[in-house]
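**Q** Fit chain B to the supplied structure of chain A, relying on the hints for placement.
As given, the protein sequences belong to chains A and B, one line each in that order. Numbered according to our numbering, the first sequence spans residues 1 to 434. Numbered according to our numbering, the second sequence spans residues 435 to 1427.
Calculated from the structure, these hints are not laboratory results. Take the hints with a grain of salt, since some may be wrong.
Quick list of in silico lysine-lysine cross-link-like pairs, DSBU-like style, CA-CA up to 30 Å [stated by the list, open to error]:
{"no.": "1", "chain 1": "A", "residue 1": "Lys426", "chain 2": "B", "residue 2": "Lys761"}
{"no.": "2", "chain 1": "A", "residue 1": "Lys307", "chain 2": "B", "residue 2": "Lys756"}
{"no.": "3", "chain 1": "A", "residue 1": "Lys217", "chain 2": "B", "residue 2": "Lys551"}
{"no.": "4", "chain 1": "A", "residue 1": "Lys280", "chain 2": "B", "residue 2": "Lys717"}
{"no.": "5", "chain 1": "A", "residue 1": "Lys59", "chain 2": "A", "residue 2": "Lys426"}
{"no.": "6", "chain 1": "A", "residue 1": "Lys222", "chain 2": "B", "residue 2": "Lys439"}
{"no.": "7", "chain 1": "A", "residue 1": "Lys130", "chain 2": "B", "residue 2": "Lys460"}
{"no.": "8", "chain 1": "A", "residue 1": "Lys426", "chain 2": "B", "residue 2": "Lys756"}
{"no.": "9", "chain 1": "B", "residue 1": "Lys858", "chain 2": "B", "residue 2": "Lys806"}
{"no.": "10", "chain 1": "A", "residue 1": "Lys201", "chain 2": "A", "residue 2": "Lys211"}
{"no.": "11", "chain 1": "B", "residue 1": "Lys453", "chain 2": "B", "residue 2": "Lys439"}
{"no.": "12", "chain 1": "A", "residue 1": "Lys84", "chain 2": "A", "residue 2": "Lys11"}
{"no.": "13", "chain 1": "B", "residue 1": "Lys1332", "chain 2": "A", "residue 2": "Lys299"}
{"no.": "14", "chain 1": "A", "residue 1": "Lys280", "chain 2": "B", "residue 2": "Lys761"}
{"no.": "15", "chain 1": "B", "residue 1": "Lys706", "chain 2": "B", "residue 2": "Lys716"}
Since this is a predicted model, take the numbers as computed values, not measurements.
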Amino acid sequence: MIGGLFIYNHKGEVLISRVYRDDIGRNAVDAFRVSVIHARHQVRSPVSNIARTSFFHVKRSNVWLAAATRQNVNACMVFEFLYKMCDVMTAYFGKISEENVKNNFVLIYELLDEILDFGYPQNSEPGALKTFITQQGVKSQSKEEQSQITSQVTGQIGWRREGIKYRRNELFLDVMESVNLLMSPQGQVLSAHVSGRVVMKSYLSGMPECKFGMNDKIVIDKQGKAGSNDDGAKSGKQSIAIDDCTFHQCVRLSKFDSERSISFIPPDGDYELMRYRTTKDIILPFRVIPLVREVGRTKLEVKVVIKSNFKASLLAQKIEVMIPTPLNTSGVQLICMKGKAKYKASENAIVWKVKRMAGMKESQISAEIELLPTNDKKKWARPPISMNFEVPFAPSGLKVRYLKVFEPKLNYSDHDVIKWVRYIGKSGIYETRC
Amino acid sequence: MTDSKYFTTTKKGEIFELKAELNSDKKEKKKEAVKKVIASMTVGKDVSALFPDVVNCMQTDNLELKKLVYLYLMNYAKSQPDMAIMAVNTFVKDCEDLNPLIRALAVRTMGCIRVDKITEYLCEPLRKCLKDEDPYVRKTAAVCVAKLHDINAQLVEDQGFLDTLKDLISDSNPMVVANAVAALSEIAESHPNSNLLDLNPQTINKLLTALNECTEWGQIFILDCLANYSPRDDRESQSICERVTPRLSHANSAVVLSAVKVLMKFMEMLPKDLDYYGTLLKKLAPPLVTLLSAEPELQYVALRNINLIVQRRPEILKHEMKVFFVKYNDPIYVKLEKLDIMIRLASQANIAQVLAELKEYATEVDVDFVRKAVRAIGRCAIKVEQSAERCVSTLLDLIQTKVNYVVQEAIVVIKDIFRKYPNKYESVIATLCEHLESLDEPEARAAMIWIVGEYAERIDNADELLESFLEGFHDESTQVQLQLLTAIVKLFLKKPTETQELVQQVLSLATQDSDNPDLRDRGYIYWRLLSTDPVAAKEVVLAEKPLISEETDLIEPTLLEELICHIGTLASVYHKPPSAFVEGSRGVQHKRLTSSAGSGESVESPDTGSAAVSEAPPTVIPSQGDLLGDLLNLDLTPPTSTGPPPTTAPGMQLGAMDLLGGGLDSLIGDESEPPPIPLRTDTPQSPQPPHQSPSPPHYSPTEVAPGNHTGSLGGDIGGSPAMGTGFGAPPAAMPASFNAPISGGLDDLFDLGGGGGLTMGTYIPPKSVWLPAMKAKGLEISGTFVRRSGVIQMEMTLNNKAMSVMSDFAIQFNRNSFGLAPAGPLQILTPISPNQSIEAALPLSTVGPVMKMEPLNNLQVAVKNNIDVFYFSCQYPISMLFLEDGKMERQVFLATWKDIPNENESQFQIKDCHLNSDAASNKLQGSNIFTIAKRTVEGQDMLYQSMKLTNGIWVLAELRVQAGNPNYTISLKCRAPEVSQCVFQNYETVLKN
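Chain A with its partners taken away, still in its complex shape (with noise of 0.2 Å):
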């Protein structure tokens, strides 16, 4: 198990230490600076032995957080623990910074004592925490209150508290997917795949149960079955077909596994419900046509035409092309019927933003780069372009059917519940190769 937790600033002090087991001693502290943080070359591996002591790292901004230990742990373990503190001190005390980390030290110190016990990881759920660990010393807490705090920390619904209460209960719910793409020149697609969040914010009294439903494609055809065939024929256009998905402990695993549905009792506040991800019958919102012509050896051609494939009534945002150049650039000029673009010498790139754009629309722009002659032999590597984009619509095709809410013990109902559903689509790593 973890031996050992460090956290250090970019110059390698160490901002926390704490040691969970005695095969781990303050020398380890000093190894990982010395052989990662302040190692010559670039990190090769998130995973390294140094002098038979394993480190796991990862970095937040300028702070590194390591894990060591000397037993054969589940790295995939140690790892998403790592991510979870982040998540943990994050909901705590907002983004991890080395100023942040110094200012909450003894916080840190604190959750580190009650999310790990001899390297074992504890609840880290944030919203239990946040009942017993405060910043304001200890409350005097009845003794209600307290086995009422061990037994949401220790219970099954460890990421919900009873009592919760609202005069208005609201529900948030925000599908964002990502489109990733990899595009070859000659516009055949390489691989894409979306990889879609379910985000909520729910704001419900009591112990509500919610039960989630959208068009996946095996309930639908189920039900398209169990049904008329006319109406499962139409349906079924519309469903769309998840390669897998991953849930929120919150979840009920078993139930999904049988049923294919999604019932949990949800946290308080924010969360992601589930993660996704879909290969068929993808929306590719921009397709990227490049056209890179050499002109002798110290010029080059690029023409870049972007065109929107969705519907016209939709409008894309925050369009942004970057186009790399060569090192040895020492010149460009350019022409772009929309937006604006300047060449970073910084990025090595042509970067052409784009505010808003229509479906079914074009644009381009032509650039001219000059080159200074260099010996070097080796030949421009041609990255390939890439963009960002927004589009206020789902890639893969994904709609939210229901999403209701049942409170036996409190008051109200599934209709007096107010729900805002919301889909946003956003460029993953959305590539052509040029």
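**A** Just chain B now, kept in the frame of chain A:
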């Protein structure tokens, strides 16, 4: 006010100031001071001098302050054990507190203070806390048992905490269950043989129930524990799998991967034709792919594991090639791992896509990545035959880029392609030669030289090219020097007229001007070979090379099996067994996959997906380390314990010296007829030592076939690194070396045939394991010895526990006390597929070379198959050697008994034997121990017995049996008293069975 100010105090006299503040009356000031102390502790300052002052602050109602003091205590208690006692009272009091959070805090902290005296006080509170009404306290106490066990294991056992911990597995609270499981698993690891985690269907059921209810971390503990369970049958296995599969949709990757581990392991138990088996395979792919959209660090762990999974069950991800395509912004460690998996998944169906990708990668920036991509193209060519041509043209395109390291890497892999497809792509040699000057890395230079030497007859200016390298001969690395030497010798053999000068030059450079013994040895051998018999030289140097195999980079099957049991853990990330990086007793246990009992259905690699296996039987070439180890054994070990049979391999024993001397002389000595090529030896009566040694592996390196992945080009002459390739290909002439014993053995067999009929009641010892699979790359041999109708037989069961097919078996014995030798080759005609076992009976003769062994009946055996050579030793019952005509005449017996001096007599006791004298006599007769006379004196039966060993030694015995006394006395007389001990042991085993 912020806390960061505590980090910035660096004045002198700080400790003194802190001391004052700690003793201040104001609570706030005290707290501030403790914070400062902790901050100093964090940055590595020694604040242990403040121990008493800090501990004084412990008595407080302020929980935050209390926690800080505890933190300090955990850090420094060990250095101040006496003072730490001051804290005990507070702990004990806190363990009784009304607030469960305080109780848990106290017990949690106490367990972290590794001071014996404190530990003593911990026991009582811990016992209470383990039974606390509050689950939060119980779950903390459960972990505390593991802490205490780490400090003082004996104490935990004495206090009976382990039983309490076991009870907690049935606790009503899922988190308590999870922590108890975690604690028990850890304790069980340091007691490998204890039955601590007594997993049975009931507990498994409890765990599976808790699995649905506990936190994500708890689920991981439980799944990891489940993976250690061996289900009783395939039904149980399936029902566990069914209850574990929902975990594959968990958001926590560790839960997913641990579930994958359980499924991968239990799948072994399921029959392949079961519908559920197919369903399960399909269910595994999506979650594995999803892991690749996690954070990069997790992707890395996932990819390392997928690498293992793909090797074990290629069918799971065979359609998912695209997800392993490298993204431009992937961190380098993710890129390199993806590349590895792409090659593993490459097949005829997807090769076009893969090649296009690889070509793209070869233009990227990171040098390591580009090199690996180029190498990958070569590996594809070797793996997918249909793609070879495209791969070669892609490599040529890359060479045209003139990027130095790309060109060098391309040449190295093209050499491998030449080896795999000889006489197919030589047209590209001209292009390669253009880049000769730009090569500056030894591996690339050596590869290029190998190509020039190998195809010298097709390259017009081969001599000029090689000569150009010769100028700086002494500045080259050994690898290049060795290669150059061989290449020039090859050239000379192909174009003798114009290159005589060149060859002499290189031979003198290698033999006279070099300090490197390998180089000198090789030089001398070539020199002698060329000067005595060029024809033989040609046969040796230009002999056909074994083909290289695609699967050289597969993980060795037994290791792979072990790593599959460690999916998700560090072992799977390092691709090393835990014992390689974990100290102490932990992790030393080797985990193995248990497959279903039925041998027919459990044959590995179902026809669906094992493209790699079916296309070409993979020859797993052991890593260089192993090889070297084996070689050392082979060459240097004197025939004591498990050494090789020296009689049949004197060439090996003496190494290169012998080869140079007797070996070569006898090879070339007979001038009337062309000397036989060692590789093709089939003259059974051939007296020359090298012919009897399993020669092919030792001679093939002379051709200097650049090892595919062994990295050493050609290696050394006469039995060295290139051994990998030698063993990789089944040497056709192998059995020849066993022909010699056959003829003699057969004669002997007929001789003995007349000896006597089948005697009933012969005692046959049960089979025991002689060679465990762990030691022999998956080959397990168990066996016994039998004497039937005067013929000694070694009966063996060969069990293939590896993943690949085993074939080309051969066996040899070391010299032994009674000259036991195989009377014929080992008759295993069909290759043994994975998980199959074969019975083999090997008739033995007793006319082999003799050497006294210790113990006398010890037999050292070498078994070879297509994978490697393995050694083991076993002991045969000496009754195997008792002849059927061992009954002595009465008179002769008396005379002999008197004749043998008394000091040759030895007496033994056989205890607990409940046979009467007649039954004993009958029983012994079954083992060719004959009773000649029986006398009864004062109720005591005296049996006079005789037996005759195959080498003509007579053993006389007097067995005294007293009615009602289970202890027999036996006196043995023999001219060779050494055998007495063995004979006595034999009496004992025969009489007691």
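**Q** Going back to the hint list, which numbers does this structure go against?
**A** Per hint list: 3, 6 and 13 violated.
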